[in-house]
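Following the hints, complete the assembly by docking chain G onto the known chain C.
Going down the list, the protein sequences come from chains C and G. Under this note's numbering, residues 1 to 295 are what the first sequence spells out, in order. Under this note's numbering, residues 1 to 295 are what the second sequence spells out, in order.
Do not rely on the hints blindly, as some may be mistaken.
Rough simulated footprint, nothing fancy, chain C against chain G, three-plus residues with beta-carbon under 8 angstroms [unchecked claim]:
1. 17 to 29
2. 33 to 45
3. 56 to 68
4. 160 to 173
5. 178 to 187
6. 201 to 215
7. 259 to 271
Some chain G residues judged to face chain C by a derived CB distance under 8 angstroms, without partners named [as the list claims (entries may be wrong)]:
8. G227
9. F231
10. A254
Just so you know, these hints were derived from the structure itself, not from any lab. No residue lacks a Cβ here, since even glycine has one placed at the ideal position from N, Cα and C.
2 protein chains.
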Amino acid sequence: MAKVAFLGLGVMGYPMAGHLLKKGHEVTVYNRTAAKAAKWVAEFGGSSKATPREAAAGQAFVVACVGNDEDLRAVTIGPRGAFESLEAGAIFIDHTTASAIVARELHAVAKAAGKGFVDAPVSGGQAGAESGALTIMCGGDADDYARAEPIVAAYAKASRLMGPAGSGQLTKMVNQICISGLVQALAEGLHFAKRAGLDPDAVIEVISKGAAQSWQMENRHKTMLAGEFDFGFAVNWMRKDLAICFDEARRNGASLPAAALVDQFYAEVQALGGGRWDTSSLIARLEAFSALQKP
Amino acid sequence: MAKVAFLGLGVMGYPMAGHLLKKGHEVTVYNRTAAKAAKWVAEFGGSSKATPREAAAGQAFVVACVGNDEDLRAVTIGPRGAFESLEAGAIFIDHTTASAIVARELHAVAKAAGKGFVDAPVSGGQAGAESGALTIMCGGDADDYARAEPIVAAYAKASRLMGPAGSGQLTKMVNQICISGLVQALAEGLHFAKRAGLDPDAVIEVISKGAAQSWQMENRHKTMLAGEFDFGFAVNWMRKDLAICFDEARRNGASLPAAALVDQFYAEVQALGGGRWDTSSLIARLEAFSALQKP
Numbered sequence: 001m002a003k004v005a006f007l008g009l010g011v012m013g014y015p016m017a018g019h020l021l022k023k024g025h026e027v028t029v030y031n032r033t034a035a036k037a038a039k040w041v042a043e044f045g046g047s048s049k050a051t052p053r054e055a056a057a058g059q060a061f062v063v064a065c066v067g068n069d070e071d072l073r074a075v076t077i078g079p080r081g082a083f084e085s086l087e088a089g090a091i092f093i094d095h096t097t098a099s100a101i102v103a104r105e106l107h108a109v110a111k112a113a114g115k116g117f118v119d120a121p122v123s124g125g126q127a128g129a130e131s132g133a134l135t136i137m138c139g140g141d142a143d144d145y146a147r148a149e150p151i152v153a154a155y156a157k158a159s160r161l162m163g164p165a166g167s168g169q170l171t172k173m174v175n176q177i178c179i180s181g182l183v184q185a186l187a188e189g190l191h192f193a194k195r196a197g198l199d200p201d202a203v204i205e206v207i208s209k210g211a212a213q214s215w216q217m218e219n220r221h222k223t224m225l226a227g228e229f230d231f232g233f234a235v236n237w238m239r240k241d242l243a244i245c246f247d248e249a250r251r252n253g254a255s256l257p258a259a260a261l262v263d264q265f266y267a268e269v270q271a272l273g274g275g276r277w278d279t280s281s282l283i284a285r286l287e288a289f290s291a292l293q294k295p
Numbered sequence: 001m002a003k004v005a006f007l008g009l010g011v012m013g014y015p016m017a018g019h020l021l022k023k024g025h026e027v028t029v030y031n032r033t034a035a036k037a038a039k040w041v042a043e044f045g046g047s048s049k050a051t052p053r054e055a056a057a058g059q060a061f062v063v064a065c066v067g068n069d070e071d072l073r074a075v076t077i078g079p080r081g082a083f084e085s086l087e088a089g090a091i092f093i094d095h096t097t098a099s100a101i102v103a104r105e106l107h108a109v110a111k112a113a114g115k116g117f118v119d120a121p122v123s124g125g126q127a128g129a130e131s132g133a134l135t136i137m138c139g140g141d142a143d144d145y146a147r148a149e150p151i152v153a154a155y156a157k158a159s160r161l162m163g164p165a166g167s168g169q170l171t172k173m174v175n176q177i178c179i180s181g182l183v184q185a186l187a188e189g190l191h192f193a194k195r196a197g198l199d200p201d202a203v204i205e206v207i208s209k210g211a212a213q214s215w216q217m218e219n220r221h222k223t224m225l226a227g228e229f230d231f232g233f234a235v236n237w238m239r240k241d242l243a244i245c246f247d248e249a250r251r252n253g254a255s256l257p258a259a260a261l262v263d264q265f266y267a268e269v270q271a272l273g274g275g276r277w278d279t280s281s282l283i284a285r286l287e288a289f290s291a292l293q294k295p
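Bound conformation, chain C alone (with noise of 0.2 angstroms):
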């Protein structure tokens, strides 16, 4: 068992942060808002600290699942952040869904220091993070990665170093991009199947046995037949994730038609006021421009 230090009980790591203690790790936790933290405290015992830097102190692991780029920078090489206290052989552990770039960049940092740095973005969701069943996709120094895993198991399912630093999240942005698309063929293959005056639970159950089939048509189907997204993953999040897509591609070159046009559907999803809807809710958006049409 280790001593570890939780920084960022949100939806995802409050749930986390609970099962390393339930697997005996010594756990402090911090979060922005503080009133979080105490409620993680009575709720799962360990300790709390006022700060970053005050919560690394003296820990083995330091695992982060944080927002984006900025609220990782700040937890860790902002003022009274992380890496202030973070001691040499000690390793930090970054669930955030981030860019390439501040991973290499914190990676680098860690290095020169004598401590590791393992980018690790989760998929699974909130559910994922609550029943301990996320996928982890890592990237860096694979004696770190090695370090690194049974601490992650906790709350994994799955998880593997996909290459060197800020390979993790390059894998999570491949994720994104196959799902963004996917779910644009599903809400108008739906749309389509309403206007068209079939039974769409009828057409789900015949396709999804052959080359149509998905996850999100499995999964989702239901709820985006019946306009529920009241849950899920967020389209603000999906447009923040996109969005270090295609700043990645512009680097990398790749060329993302499809989840750029999706990416502006999103856009549009914000404006109906559901940028806290699941991403499914792409269907919304053309269930409202078809209830604009003339009869």
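Coordinates of chain G only, in the frame set by chain C:
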């Protein structure tokens, strides 16, 4: 066992007619190119006729699997077409992926003469036709479908009546709409993974466990990465099917922006010489542009 005529011995119809004969039905075939019909008879047995009208005479069922609306009209209501000899009480089963319009039109013509018509497009491709594991989406009258079902069972793993005449075609359209955007998203993801210097096979192994998973991801990523497209469902056919979708969407008011974009990308694949490539060749277009980039 029944007397069945089969019209159209293409890559799909050829093995499908073979399954009918192997199940014990008495099969008479017709093909526009007579040599193909002769080859079929030499391989399987049964008999062939020189026109759809001759093939359809005296049959309980007439099954068609031809190229498009025009071909379908030719073998049914055209000169020497099957409807000239189709007997009252017989059922015409159409496996062509065609418009809902032609399905409703032929259903009305058949019904007015006391005959049955079931639109029954398939999914599962050449492999499904050869192994007898197609999924069949049907439209028409319940009693006609009930009689047709045991016939198509010769090459189906599943069949279902989706609603009135044309509903089979509309369901197939939903299938193609879902596939087109999904494959483009997958192509962009794999293309990005390569440009980002990741091991794309490792990436797929990880992300196919989660929300990005699809049949296409699992069954096409290896050939997409290898640039192998000389198999499967051709781009030319997909464009024909998508044209039917857009035509129907003009009538029912559905909005299909991603499908429309991908259709234009397929036009570019055709321009690259890939009209007969598998639909997964969307990645070839991305890679082709990539190869033109200045270093």
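Here's how the hints hold up against the structure:
no. : hint       : in the structure
1   : 17 to 29   : violated (count 0)
2   : 33 to 45   : violated (count 0)
3   : 56 to 68   : violated (count 0)
4   : 160 to 173 : holds (count 7)
5   : 178 to 187 : holds (count 8)
6   : 201 to 215 : holds (count 12)
7   : 259 to 271 : holds (count 4)
8   : G227       : violated (16 angstroms)
9   : F231       : violated (13 angstroms)
10  : A254       : holds (4 angstroms)
The structure fails to meet hints 1, 2, 3, 8, 9 from the earlier list, while all remaining hints are met.
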